[in-house]
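Undergrad: These protein sequence lines map, in sequence, to chains A and B.
Residue 1 is where the first sequence starts when you use the numbering used here, and the numbers rise one by one after that.
Residue 1 is where the second sequence starts when you use the numbering used here, and the numbers rise one by one after that.
Please keep in mind that the hints were generated in silico from the structure rather than gathered at the bench.
Be aware that one or more of the hints could be misleading.
One copy or any two copies: either way a pair holds, since identical chains are not told apart in the list.
[To be verified] Computed list of lysine to any residue pairs in SDA-like fashion (alpha-carbon distance at most 25 Å, straight line): (1) 137 / 77; (2) 137 / 68; (3) 72 / 105; (4) 137 / 9; (5) 72 / 104; (6) 54 / 97; (7) 137 / 70; (8) 72 / 138; (9) 137 / 125; (10) 116 / 20; (11) 116 / 64; (12) 137 / 126; (13) 54 / 79; (14) 54 / 141; (15) 72 / 123; (16) 137 / 84; (17) 72 / 137; (18) 137 / 24; (19) 137 / 10; (20) 54 / 111; (21) 54 / 96; (22) 116 / 63; (23) 116 / 61; (24) 54 / 125; (25) 116 / 50.
Number of protein chains: 2
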Amino acid sequence: MIADMSIDFQERADNLIRQTGERATSGRIRVLAMLLAEQRPVSHQEIEERLRGKSRLNRVTLYRILDWLNDKCLVHRIVSDDRVWRFRANNDLRTHRHAHFKCTRCTRVMCLDDMKAEYDRPLPAGYRPLEVELTVKGLCAECV
Amino acid sequence: MIADMSIDFQERADNLIRQTGERATSGRIRVLAMLLAEQRPVSHQEIEERLRGKSRLNRVTLYRILDWLNDKCLVHRIVSDDRVWRFRANNDLRTHRHAHFKCTRCTRVMCLDDMKAEYDRPLPAGYRPLEVELTVKGLCAECV
DNA sequence: GCTATCATTGCAACCAAGTTGCATTTACTA
DNA sequence: TAGTAAATGCAACTTGGTTGCAATGATAGC
Ligand SMILES: [Mn+2]
Ligand SMILES: [Mn+2]
Ligand SMILES: [Zn+2]
Ligand SMILES: [Zn+2]
Numbered sequence: 001m002i003a004d005m006s007i008d009f010q011e012r013a014d015n016l017i018r019q020t021g022e023r024a025t026s027g028r029i030r031v032l033a034m035l036l037a038e039q040r041p042v043s044h045q046e047i048e049e050r051l052r053g054k055s056r057l058n059r060v061t062l063y064r065i066l067d068w069l070n071d072k073c074l075v076h077r078i079v080s081d082d083r084v085w086r087f088r089a090n091n092d093l094r095t096h097r098h099a100h101f102k103c104t105r106c107t108r109v110m111c112l113d114d115m116k117a118e119y120d121r122p123l124p125a126g127y128r129p130l131e132v133e134l135t136v137k138g139l140c141a142e143c144v
Numbered sequence: 001m002i003a004d005m006s007i008d009f010q011e012r013a014d015n016l017i018r019q020t021g022e023r024a025t026s027g028r029i030r031v032l033a034m035l036l037a038e039q040r041p042v043s044h045q046e047i048e049e050r051l052r053g054k055s056r057l058n059r060v061t062l063y064r065i066l067d068w069l070n071d072k073c074l075v076h077r078i079v080s081d082d083r084v085w086r087f088r089a090n091n092d093l094r095t096h097r098h099a100h101f102k103c104t105r106c107t108r109v110m111c112l113d114d115m116k117a118e119y120d121r122p123l124p125a126g127y128r129p130l131e132v133e134l135t136v137k138g139l140c141a142e143c144v
């Protein structure tokens, strides 16, 4: 059952990567499959741990793969005040600009998929906005 | 004229620090005076450079001073996606939770003092919000 | 299927920002 | 004008990410 699911993610990852027109390497497939299965933001370190066992990926290569997946809009990168990047598989290809929640106790980050990251007031004259980051920090349901 | 102003900031810094009831060391006074004069978010590195010349402060000590000033609410610390902390002197003691603007070209950060950092939708059940970070990224007036 | 080609990977060394432990100095108190 | 605790300086360390380059491997053309 779980094995079937994992094969399914493997295949979905493979397809998504091939659709970009670039090379479908085993590293890219394994990382994306893992993120598709996880469906939540995962740090570089966590990914490295999860992938341990099966012939493990070089640290630098993992950075480059994550960067590549981000460029191709297959994942998005979430910055956090702990100086750690986290990555989550995108469900639809358009990058939906949503808010995030960071639990200050367990340090997990969650995507608030239906809270848009936006602001209400006008910016100072001459400023051109390009992107908005909105992060709510506090305690998650498991840590309250 | 400028000399007078700098003495003024020195004195204000000294007073503010003494009001905390803790020690008014020359390092604390110099750093806070500089931030009071600057009135915008400044990185650790920039502060180190500005303070060069006059008997220069140890790097670690500067980190500790900034941390202390932040704890005492005399400055606030702004986190950014470039993994660099910036500090700005607080004008009033209550920490006003405002948004920030980050210019992606000149890398400067500005406080949007009258844009509140807040959100509209409800959080998932059981989540307890404690703090909100809102950052608009784009081009500042000088970089457009 | 086999080979050539160029993108991707692994490795080692590097970097920047921030932290820690501990001995020395300094601001305040009495 | 000491005595004392707090702050400082220094050296070494940590974490997260980057760079250059040689070795490897995915795909296109045959
Ligand atoms: Mn997200
Ligand atoms: Mn601010
Ligand atoms: Zn939590
Ligand atoms: Zn700018």
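Undergrad: Does each hint hold? Answer for all of them.
TA: Checked hints:
Proximity of residue 137 and residue 77 under a CA criterion of 25 Å is satisfied in both settings, with 17 Å inside one chain copy and 15 Å between copies. Within a single copy, residue 137 and residue 68 get their C-alpha atoms only as close as 28 Å, which misses the 25 Å cut-off; across copies the closest is 22 Å, which meets it. Taking the shortest alpha-carbon separations for residue 72 and residue 105, only the inter-copy value of 23 Å comes in at or below 25 Å, while the best intra-copy value is 32 Å. Neither within a single protomer nor between protomers do residue 137 and residue 9 lie at most 25 Å apart by alpha-carbon distance, with minima of 31 Å and 34 Å respectively.
Taking the closest pair of Cα atoms, residue 72 and residue 104 come within 25 Å of each other only across two copies (21 Å); inside a single copy the shortest separation is 30 Å, beyond that limit. In the homo-oligomer, the alpha carbons of residue 54 and residue 97 never lie at most 25 Å apart, since the shortest distance is 34 Å inside one protomer and 46 Å across protomers. Taking the shortest Cα distances, residue 137 and residue 70 sit within 25 Å of each other both inside one copy (24 Å) and across copies (18 Å). Taking the closest pair of Cα atoms, residue 72 and residue 138 come within 25 Å of each other only across two copies (21 Å); inside a single copy the shortest separation is 31 Å, beyond that limit.
Taking CA atoms no more than 25 Å apart as the test, residue 137 paired with residue 125 passes between copies only; the shortest distance there is 15 Å, against 30 Å inside one copy. In this assembly of identical chains, the alpha carbons of residue 116 and residue 20 never lie at most 25 Å apart, being 27 Å within a copy and 40 Å across copies at closest. Proximity of residue 116 to residue 64 under the C-alpha cut-off of 25 Å is found in neither arrangement, the shortest distances being 29 Å within a copy and 37 Å between copies. In this assembly of identical chains, residue 137 and residue 126 lie within 25 Å of each other by CA distance solely across copies; the values are 13 Å between and 31 Å within a copy.
When the C-alpha separation of residue 54 and residue 79 is checked against a cutoff of 25 Å, the pair qualifies neither within a copy, at 28 Å, nor between copies, at 37 Å. Neither within a single protomer nor between protomers do residue 54 and residue 141 lie at most 25 Å apart by alpha-carbon distance, with minima of 33 Å and 51 Å respectively. Within a single copy, residue 72 and residue 123 get their C-alpha atoms no closer than 30 Å, and across copies no closer than 30 Å, so neither meets the 25 Å cut-off. In the homo-oligomer, the alpha carbons of residue 137 and residue 84 lie at most 25 Å apart both inside one protomer (15 Å) and across protomers (19 Å), since each shortest distance falls under that limit.
For the homomeric pair residue 72 and residue 137, the shortest alpha-carbon distance between copies (21 Å) is at most 25 Å, but the shortest distance inside one copy (29 Å) is not. In this assembly of identical chains, residue 137 and residue 24 lie within 25 Å of each other by CA distance neither inside one copy nor across copies; the values are 37 Å within and 33 Å between. Within a single copy, residue 137 and residue 10 get their C-alpha atoms no closer than 33 Å, and across copies no closer than 35 Å, so neither meets the 25 Å cut-off. Taking identical chains as interchangeable, the C-alpha atoms of residue 54 and residue 111 are never at most 25 Å apart, the minima being 29 Å within one chain and 47 Å between chains.
In this assembly of identical chains, residue 54 and residue 96 lie within 25 Å of each other by CA distance neither inside one copy nor across copies; the values are 33 Å within and 50 Å between. Taking the closest pair of Cα atoms, residue 116 and residue 63 never come within 25 Å of each other, the shortest separation being 28 Å inside a single copy and 35 Å across copies. Taking the shortest Cα distances, residue 116 and residue 61 never come within 25 Å of each other, neither inside one copy (32 Å) nor across copies (40 Å). In this assembly of identical chains, the alpha carbons of residue 54 and residue 125 never lie at most 25 Å apart, being 54 Å within a copy and 38 Å across copies at closest.
Taking the shortest alpha-carbon separations for residue 116 and residue 50, neither the intra-copy value of 30 Å nor the inter-copy value of 39 Å comes in at or below 25 Å.
Of the numbered hints listed earlier, those contradicted by the structure are 4, 6, 10, 11, 13, 14, 15, 18, 19, 20, 21, 22, 23, 24 and 25.
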